[in-house]
Amino acid sequence: MKDRIRQIVIDHARLACDMKVLDHSADLYRAGMTSHASVGLMLALENEFGLEFPDSMLSRSVFESIDTIANAIETLQQAPQ
Amino acid sequence: MSLQQIPAPLENRIASEAFQEALQIAAQNADDVDLRGRFPREAVDALRTSGALGWHIPLGYGGAGAHIEDLADATFELSRRCASTGMIFAMHQIQVASIVRHKANSSWFESYLRLLVSERRLIASATSELGVGGDLRRSIAALEPASDRSSNMVQFEKNASTISYGAHADDLLTTVRRNTGADQGDQVLVLTHLSEMEMKRTGEWDTLGMRGTCSPGFTARATCLADQVLPVPFAAIAAETVVPVSHILWANVWLGLSTDAFDRAQNFVRVQARQNPGTPPPTALRLAELSARMAEFRALVRAAMKEYTALADEEGRRYLSTIGYAVRINNLKIAASEAAVDVCQNALRICGFAGYKNGGPYSVCRQLRDAHSAALMIANDRLLATNAALLLVYREAK
Numbered sequence: 000m001k002d003r004i005r006q007i008v009i010d011h012a013r014l015a016c017d018m019k020v021l022d023h024s025a026d027l028y029r030a031g032m033t034s035h036a037s038v039g040l041m042l043a044l045e046n047e048f049g050l051e052f053p054d055s056m057l058s059r060s061v062f063e064s065i066d067t068i069a070n071a072i073e074t075l076q077q078a079p080q
Numbered sequence: 000m001s002l003q004q005i006p007a008p009l010e011n012r013i014a015s016e017a018f019q020e021a022l023q024i025a026a027q028n029a030d031d032v033d034l035r036g037r038f039p040r041e042a043v044d045a046l047r048t049s050g051a052l053g054w055h056i057p058l059g060y061g062g063a064g065a066h067i068e069d070l071a072d073a074t075f076e077l078s079r080r081c082a083s084t085g086m087i088f089a090m091h092q093i094q095v096a097s098i099v100r101h102k103a104n105s106s107w108f109e110s111y112l113r114l115l116v117s118e119r120r121l122i123a124s125a126t127s128e129l130g131v132g133g134d135l136r137r138s139i140a141a142l143e144p145a146s147d148r149s150s151n152m153v154q155f156e157k158n159a160s161t162i163s164y165g166a167h168a169d170d171l172l173t174t175v176r177r178n179t180g181a182d183q184g185d186q187v188l189v190l191t192h193l194s195e196m197e198m199k200r201t202g203e204w205d206t207l208g209m210r211g212t213c214s215p216g217f218t219a220r221a222t223c224l225a226d227q228v229l230p231v232p233f234a235a236i237a238a239e240t241v242v243p244v245s246h247i248l249w250a251n252v253w254l255g256l257s258t259d260a261f262d263r264a265q266n267f268v269r270v271q272a273r274q275n276p277g278t279p280p281p282t283a284l285r286l287a288e289l290s291a292r293m294a295e296f297r298a299l300v301r302a303a304m305k306e307y308t309a310l311a312d313e314e315g316r317r318y319l320s321t322i323g324y325a326v327r328i329n330n331l332k333i334a335a336s337e338a339a340v341d342v343c344q345n346a347l348r349i350c351g352f353a354g355y356k357n358g359g360p361y362s363v364c365r366q367l368r369d370a371h372s373a374a375l376m377i378a379n380d381r382l383l384a385t386n387a388a389l390l391l392v393y394r395e396a397k
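Same order as they appear, the protein sequences are chains H and W.
With numbering that gives the first Met the number 0 applied, the first sequence covers 0 to 80.
With numbering that gives the first Met the number 0 applied, the second sequence covers 0 to 397.
None of these hints come from the bench; they were simulated from the model.
Treat the hints with care, as some may be off.
[Claimed, not checked] Distance ranges between label pairs, derived from CB positions:
| id | chain 1 | residue 1 | chain 2 | residue 2 | range |
| --- | --- | --- | --- | --- | --- |
| 1 | W | Ser290 | H | Gln76 | 52 to 58 Å |
| 2 | W | Glu203 | H | Ala78 | 38 to 44 Å |
| 3 | H | Ala78 | W | Arg285 | 50 to 56 Å |
Where a beta carbon is used, it is the ideal one built from N, C-alpha and C, also for glycine.
With the hints as extra help, turn the sequences into a complete structure.
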């Protein structure tokens with residue numbers, strides 16, 4: 000799953016630096032992701048994983064790194080529908 | 000001032016004699032400050048004397064431990080007399096709140112807060128910069144090791160497009176990139192003493208309104224201790240403090256100046272009514288309409304204050320960084336800035352030429368001109384564009 004997330008980050012987070020140097024725990028905001036770009040990332044993730052982030056998850060800390068995004072998606076996938 | 004001389008916190012700080020005097024001085028000088036586009040020195044000095052500049056600082060550092068609500072009320076009252084003075088007070092308190100809430104365990108900032116209280120220091124801020132297109136969350140200027148590398152010193156140079164009361168403050172809080180290799184959004188806040196800085200004014204401040212804030216551009220250069228950088232990333236400071244506190248206090252400036260315009264219109268209608276008792280003048284209907292608009296405006300500002308109060312402490316802080324809160328606090332700014340112009344314009348229609356004339360008890364010229372700055376301080380179009388993007392993912396339910 001983290002590879003799928005990584006690809007979406009590459010396509011949508013519009014980072015200034017090369018993704019190859021960023022590990023799964025790297026802070027995407029510090030790497031240059033703007034709040035506008037983070038919205039694009041959220042929409043692309045919702046589309047890719049077929050889910051909707053509830054409002055309570057729409058915060059900076061959830062989209063900070065590939066790890067935190069993966070945690071959030073896992074939480075949503077495990078939650079009873 | 001020694002610790003013993005610091006007055007005990009007052010039950011009602013706004014009612015204190017010293018603050019009431021500051022209000023009176025702000026009112027007396029408002030027209031002259033506006034006419035000459037000069038810094039409201041008398042009112043700011045009176046605010047220093049009253050201790051109001053340190054109200055928000057916790058008791059342990061010699062301050063009054065006042066809540067943002069007190070600051071909002073004080074901003075409102077000042078802005079009813081002189082919106083420039085109210086805006087200067089508001090901006091100073093935003094800087095104080097940033098330090099109080101994000102100093103973590105920094106001993107340098109703890110000492111600084113004590114210094115601010117005892118020396119009644121005024122803080123300005125340099126967040127704007129040529130080349131970032133008005134985006135608070137981007138910087139070009141960066142911290143770098145001081146050219147004298149022998150010590151724990153850093154330096155920066157920033158070409159700020161506007162620094163309000165930059166020539167009249169004691170200290171400056173500046174956004175810069177963390178280091179020269181950092182992304183534009185990877186910012187920190189650094190506090191420097193203006194007496195130790197090189198400040199070069201790069202422009203004039205001869206504006207339509209808010210003339211007393213004296214906000215030209217400056218090139219600011221400083222060398223300082225690395226300890227003078229707030230330990231928390233600006234991203235968090237912006238979301239949890241700078242953005243909400245700015246919008247709440249600014250909204251109180253605009254509500255204050257609008258209340259002034261409303262009061263003038265009401266006085267005008269009363270005088271008209273007295274000339275022909277028993278027949279309400281046609282302007283009375285317009286005033287009633289305006290009263291409804293004011294009620295809406297007050298409710299908007301109070302609701303935002305209430306929400307922030309409920310979230311500002313440890314538990315709720317996380318929520319301040321959510322998209323939902325960002326949308327709502329942007330909405331406050333957009334709505335309040337539009338309401339201010341609307342109210343002042345309608346007050347002008349009520350007062351007619353008595354309102355259109357500079358000076359006199361029914362003049363609303365200064366208020367209307369000041370109100371027009373509201374939509375420009377962080378342009379409403381920028382906030383609308385941000386909300387347009389955020390609403391693609393956030394489903395507004397509240």
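Is the hinted range of 52 to 58 Å satisfied by the C-beta distance from serine 290 of chain W to glutamine 76 of chain H? 54 Å, holds
Range hint 50 to 56 Å (beta carbons of alanine 78 of chain H and arginine 285 of chain W) holds or violated: 55 Å, holds
Taking 38 to 44 Å as the hint, is the beta-carbon distance of glutamate 203 of chain W and alanine 78 of chain H inside that range? The hint (38 to 44 Å, Cβ to Cβ) is violated, given that glutamate 203 of chain W and alanine 78 of chain H are roughly 59 Å apart.
In this structure, only the earlier hint numbered 2 is contradicted, and the remaining ones agree with it.
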